Amino acid sequence: MTAIESTNAHVHDLGMPAGGPDVTTISGAIDASVAAHGEKQTVLKAKDLKTDQEVRWCPGCGDYVILNAVQSFLPSLGIAREDMVIVSGIGCSSRFPYYMNTYGMHSIHGRAPAIATGLAASRPDLSVWVVTGDGDALSIGGNHLIHTLRRNVNLTILLFNNRIYGLTKGQYSPTSEVGKVTKSTPMGSLDHPFNPVSLALGADATFVGRAMDSDRKGLTDVLRQAAEHQGTSLVEIYQNCNIFNDGAFELLKDPNTGPMWTIPLVHGEPLVFGPGGASCVVRDDFGGLRIAETNQVDASQIVVHDAHRDDPSYAFALSRLSTQDLRYSPMGVFRSVAKPTYDRMMADQLEDAAAQEPADLDALLAGGDSWTVQ
Amino acid sequence: MTGTNPGISPTANGVAPGMHPAVDPAIDAAAHSSAPGGLVKSVVELDRVVIRLAGDSGDGMQLTGGRFTSETASFGNDLSTLPNFPAEIRAPTGTLPGVSSFQLHFADHDIMTPGDAPDVLVVMNPAALKANLVDLPGGGLLIADSDEFTPRNLAKVGYASNPLEDGSLEKWQLVSVPLTSMTTDALADSGLGKKEAERSKNMFTLGLLSWMYHRPTEGTIRFLERQFRRKPQIAAANIAAFRAGFNYGETTEAFAVSYEVKPAPMAPGKYRHISGNQALSYGLVAAGQRSGLPVFLGAYPITPASDILHELSKHKAFGVRTFQAEDEIAGIGAALGASFGGALGVTTTSGPGVALKAETIGLAVMTELPLLIVDVQRGGPSTGLPTKTEQSDLLQALYGRNGEAPVPVIAPRSPGDCFDATLEAARIALTYRTPVILLSDGYLANGAEPWSIPATDELPDLRTEFATEPNGEDGEFLPYLRDPETLARPWAVPGTAGLQHRIGGLEKADKTGNISYDADNHDFMVRTRQAKIDGIAASIPATEVDDPDGNARVAVIGWGSTYGPIGAACRRIRASGRPIAQVHLRHLNPLPADLGEILARYDRVVCPEMNLGQLAMILRAKYLVDVHSHTQVRGLPFRAAELAAVFQDVIDGTTGTVATLDTGSDTPAQTGAAL
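So the sequences go chain by chain: X and Y.
So in this note's numbering the end of the first sequence lands on 374, straight run, no missing numbers.
So in this note's numbering the end of the second sequence lands on 1049, straight run, no missing numbers.
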């Protein structure tokens, strides 16, 4: 709570009566609630995070799986429910906050990163999450997403990518593949899709990961690292929309084809994948990466995954191994580097300013050039 | 009046009082120069002066005007300013689009406007002359930098011959002064190149004017030392130019007369001069201090609101966070996010930005969180006139959202009033948990006036209680259970144990705040949100009606920055022996509860606006009053004389009397009335 207290350290004396909690300040209100409840409850079970609201996604939607995974894993972070805030935009995924017994805001299409930025920047004591989708984050909210990433505000962004507009009933999205036939593209989509991981890395994101909705272990692992990361974390979650884009990720989910096209990213491990480790990632002649057959290259040529490289080019090259049809999908943490967070730097500036010249409202209003009329 | 000039009455017939000596200054000076001891200068006492400085955008006219204003404020005159500059940072040198001007009205009595027309016009080049001469009444003093009237500069603005020499300006008192070359001469030993030395000509001019009007000079010298503390050579050159200009005035025969405008009587207290944007910024800092909440400003740069972002970013020691967002939408989004977290969220912008923020204002209406939206209005539509003033956005503020989304709207009436209006906007936002729109405008933002510095412990107490306990009968937290008096919902901030809740833009069920598509619930919630805003009227003080005669049949109603010109026009009307009532609105939504009854008292209601009649339409719709709408959208404030003529016509239409008022004349200062 130090940051919150620091903002109130210079409050003009309002002549508060002595005694009793001052619930007119943020820290006062929080202290009062803790006093009433005893210590903050940081030991939680998954059911503690459920609300009484009926979950209203379509039966079979990938969002259920993600909700369950999040509710199961969040208690392991040891954060009290009241210290977590989930902010979402508009779309199917953005109903997420209603089902989480934390603080939450279901906001406006595309704007969740902006709203969460204001909250996280002014309340560094909170764990702030953004839940968004491919349309919400990459179309209408694309601007906020890239700027949030470059600022490195302490946020965790879960981008549910189902490669379709679900809530508006089936138009192509900014991640839909070229040629996709949808309600708004009867002759096939002309738009070249975004690769969300490439986009995030292009914005110098300090943490970028990708996971599959149905892979509970892999998803939990990436989410945990994302939550622990200081700064903006972006996790792209491949999520199946069984109504408007069913089977979009079947190539990767199918036990037969999945291993052929999935590249598991494990920091410090060589990038070898495929049945029997038949495939691997090596450097190409142009500073990028390419796929090779393991038995055709020397073991020393195989790239060892390094998520902590400061230069994002390597992670970007990894993201470019993918084609629009998901052939070669690296899954896991692409990049995780330490960089000062926006909210911390902002709080530091406030502290520095207060240390240099204590706040004095009378002096501010009087200014340097005043005169007195007798 | 003091001095030796015969026949110059400060209040003589029609022209600005006493500003224009009827004698040729050169002849007058010559008459005295033969006196023993050399040149003797006379001093003329004036009750008020309007000066306009005009030059190229790069000539530093705004800075010069600002300094003259500071000197005038510290001298103790009442004052009002009107900066007027193009949107282009540096339009091509010497062209009409590049002309920038600064008008200052100062007086020995209480004034309300920056003046309809200048008494003195200083032009730094032919373009400035061409753009501004139309506003200078005949007989006015015209000072021109003759060095800049070169064939090339004359040709740029279409002068076939040099107006300083061809006799075309004989209607005015022309004084040609080689300001540029005298500046470079004065700085010959400064070590600066010619181009650099020339840039100090605005300080030379300021020095000359400071002599002419007996302004104190220490403040400007201190300012220059401070401004250029890392460039001592530049500081020294500017100070030298400033002193040279002052000394030139003292010694030249071109100016035989200097003028004295005595300090204005003001209520005892401590004063400073302040611009609207500055006052508004201080109001936000004060609102944070008086509420005990951290201020969070999310803003995107936009003219004429950016100075608020600049100002607030200096006050981090007060716990003020400023966030320069990637766009207008992110600016208000971040502010709303901060409000959710318990901050006083603020966003500052102008009309085009309000359009972009509309959806988020709607979300703030739905989530019922406190939020301040500052709209420093400018000429519209679209990009419009970014640097010019207009009451462009009243209807946008009231109605520019989807659905029934009532938002309180507050408008300050003068630069200094921006401070109090901001505190009032914060009071409403925090008490009623609602977004509030504060409608300033370009004229208030950049204009300045003396400001009585308030005692901070007498400012409104804005403390607001956060929720800390469940409020439901079964121990649950009901985020939409309302305060029976204000209809405000509880403000429970993240981090408060046991009060976790979800809010959002979907319709809320009464009390629980859960998503609800129920027909009756929606009808109830729409009406409840409206009732909450309507109920604010109960907290608004009774409307002040300024009718000193007490028997007016015509009332003038205005809002925002037209207060000064309307007030000045009303003084003229009353000075001619006719009563008129002035009502000026600060609260545009909800309107004061007594307003309908007040308007019904009068035979005629006039509503001047710098738009096409936005308030007039509201008043007609709401009170069924046949409001006479007088409108003007020139990007400039109303002129008091023009408004007085309009009011006179309305009074005559009502009372049947014949117009006799000479609206071109000023009210005698001796009556205590002024403009």
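Careful, some of the hints might be misleading.
Derived DSS-like pairs (lysine-lysine); straight-line CA-CA distance at most 27 Å [what the hints assert, rightly or not]: (1) K253/X <-> K339/X; (2) K605/Y <-> K504/Y; (3) K605/Y <-> K569/Y; (4) K169/X <-> K180/X; (5) K569/Y <-> K50/X; (6) K688/Y <-> K644/Y; (7) K47/X <-> K885/Y; (8) K50/X <-> K40/X; (9) K339/X <-> K688/Y.
Residues from chain Y shown here face chain X by an in silico Cβ test under 7 Å; the list is partial [said to hold, decoys possible]: (10) Q663; (11) L710; (12) F714; (13) A862; (14) G869; (15) H958.
Hints listed in this document are in silico derivations from the structure and should not be mistaken for laboratory results.
As the structure is a prediction and not an experimental result, all values here were calculated from the model.
The beta carbon of each residue, even a glycine, is placed where N, CA and C say it ideally should be.
Self-check item: Violations among the numbered hints, reported as their numbers in ascending order
Solution: 1, 2, 5, 13, 15
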